[in-house]
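S.K.: For reference, the chains in residue letters:
There are 2 protein chains.
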Amino acid sequence: MADPAYVAVDWGTSSFRLWLIGKDDSVLAESRGNEGMTTAAKTGFAEVLASHLGKVNAPENLPVIICGMAGAKQGWVEAGYVDVPASLSSILTGAVSVPDQSRDVRILPGLAQRDPARPDVMRGEETQLLGALGPQSTGSQAVCMPGTHSKWVHVKNGRVSGFSSFMTGELFDAISKHTILSHAIAGADQSPADEAAFGSAVKTAYDRPAMATNLFFTARSGQLLHGLTAAAAQAKISGTLIALEIAGAMSDAGTGVDVTLVAAGRLQGLYEAAFKALSLSYNTIDADTAVRGGLAAAAKTIWPN
Amino acid sequence: MADPAYVAVDWGTSSFRLWLIGKDDSVLAESRGNEGMTTAAKTGFAEVLASHLGKVNAPENLPVIICGMAGAKQGWVEAGYVDVPASLSSILTGAVSVPDQSRDVRILPGLAQRDPARPDVMRGEETQLLGALGPQSTGSQAVCMPGTHSKWVHVKNGRVSGFSSFMTGELFDAISKHTILSHAIAGADQSPADEAAFGSAVKTAYDRPAMATNLFFTARSGQLLHGLTAAAAQAKISGTLIALEIAGAMSDAGTGVDVTLVAAGRLQGLYEAAFKALSLSYNTIDADTAVRGGLAAAAKTIWPN
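Sequence lines, in order, name chains A and B.
Every position in the first sequence, counted from 1, becomes a number in my numbering once 2 is added.
Every position in the second sequence, counted from 1, becomes a number in my numbering once 2 is added.
So here's chain A without its partners, still in its complex pose (with noise of 0.2 Å):
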């Protein structure tokens, strides 16, 4: 086993997670957990990170670098934000230091975008794009990391030109659980079992986009007057605020764009079935792999050697 060179840390609103890696590269040890900022906001920061640490017997002094939301100004330590259009690498750059700790602790900042008609920020994703892509990427990309708030963003030539957000994960969320469609999906599983509901209701949303709306209500009055099931109520809501998603990044992406999905899981399924039902041609990257390669290029960038 190789020595270990760094610790690696994707630090979320509501999850963490913490690799040792080697001076190979190689992944020594793991350590998740789910105090996110908003828990280790109250049970201390650096509380959590030793906890984890010792899980993982990381050797005293080894240096730590973060991305994600313990740089927000209600995390650990604000790690602001780099403005864009900017170059990848200049993420690499843009780094605070954790004060008093007996270890080097590093954040990295977010990406802020402060075009007054389409303010837009993130914390974490720029970390995963950059290990997506690498800093030195070429053509021009649209990468989407689903989630939540899933992030689009375009690259070009390795310089972020601009990026958006979109509620889909959350707006999902509070479709499922605090409104009448409710009743139309209790019961179904989290995944759509129905992929002929979902691929349906995704060619319809993205043809046209203005119907969202309306198209939620179907999945109510398709049970009402035809039976509809639990799961293809769920595809359906699902279906329709994937490909609104889709729809409003690709009206922004141009022509001769390489998609880049960056994912894992039930939404990197998601996701394939979408593009696949809109005949979008993408690759994808593991989720883990590309926020471990992002931390590992800023941990080589800071530490060299």
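Hints are computed from structural coordinates only; laboratory data are not their basis.
Don't take each hint at face value.
The list cannot tell twin chains apart, which means a pair is met if one copy fits it or any two copies do.
Stated by the list, open to error - No more than 35 Å apart at the CA atoms, straight line, and that leaves these computed lysine-lysine pairs for DSBU-like:
hint, residue 1, residue 2
1, Lys-75, Lys-57
2, Lys-205, Lys-75
3, Lys-302, Lys-158
4, Lys-205, Lys-302
5, Lys-57, Lys-278
6, Lys-57, Lys-302
Go by the hints and put chain B onto chain A.
M.R.: Coordinates of chain B only, in the frame set by chain A:
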């Protein structure tokens, strides 16, 4: 004061409104309450009606005409649906009698659109529609009835060709209360005081409906980066949802269509501001006047003179 001719009732999911109507069509007395279908299903429909009839001193044997959710499957007596396409006047003839009452009580049917690609239902709005246009209207109309589930109905020469429900009101509620945007709008009044932000959101979402869930997010990112006020954030959410609805409905309406808004109060103000921002011409009919007009047309058909 004229002699009473009949009692008109608009019985919704969460509201109850009753009018004592004179032989000269004037409103002799009114009684309102919050015993909508949901409440009445527990406490008894006959008891709720009797209590309000007592409040307006309705003579024994005076007949009662009802529209709305009292005719739903979970209501008092199921009044079924008239299937579209259908003439407006066919609504008048589909009323069902409530059995075992000391007086003649009838409930009007709803409308159903059974097209499997666009299933839809309404209960109550069909009566507003009838009152707004009259049973023998001419020309092409798009009638907008905003609410929890806004309805847009397309009518040509007195015949309903189709309609669509949009979950505008309910989504505004779910987004305002159950997403991260609840923080962005905390403290704002329910009516957008920020008319400029509302008009700008309406135009932006109407031009690019696929960006809707991104525009919602900018209510938060605009606050983070530019100190957007809570009133402006709320206006942005509301304007985006209303514009999405109008964009969808107008894409169904085709050209040369007269837009009629059937609304009152806060919603009337919001939709009128949206139509003005989009330079769409419209005429407004008061929602109460419209529903009483529809109930009057039904009463006169069922109980001539």
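S.K.: Check Lys-302 against Lys-158 for me: Cα-Cα at most 35 Å, and say if that holds within a copy, between copies, both or neither.
M.R.: Answer is within; shortest intra-copy Cα gap is 24 Å, inter-copy 69 Å.
S.K.: As a check of your reading, is Lys-75 near Lys-57 (CA-CA no more than 35 Å) within one copy, between copies, both or neither?
M.R.: The answer is within: 28 Å in one copy meets 35 Å, while 58 Å across copies does not.
S.K.: Pop the pair Lys-205 and Lys-302 into one bin, within, between, both or neither, using alpha-carbon distances up to 35 Å.
M.R.: Neither, since 44 Å and 47 Å both go past 35 Å.
S.K.: Within, between, both or neither: how does the pair Lys-57, Lys-302 come out at a Cα-Cα threshold of 35 Å?
M.R.: within (24 Å within a copy, 80 Å between copies)
S.K.: Can you give me the call for Lys-57 and Lys-278, within, between, both or neither, at a CA distance of at most 35 Å?
M.R.: neither (41 Å within a copy, 62 Å between copies)
S.K.: When Cα atoms must be at most 35 Å apart, do Lys-205 and Lys-75 count as within-copy, between-copy, both, or neither?
M.R.: between (40 Å within a copy, 33 Å between copies)
In this structure, the hints that do not hold are numbers 4 and 5, in rising order.
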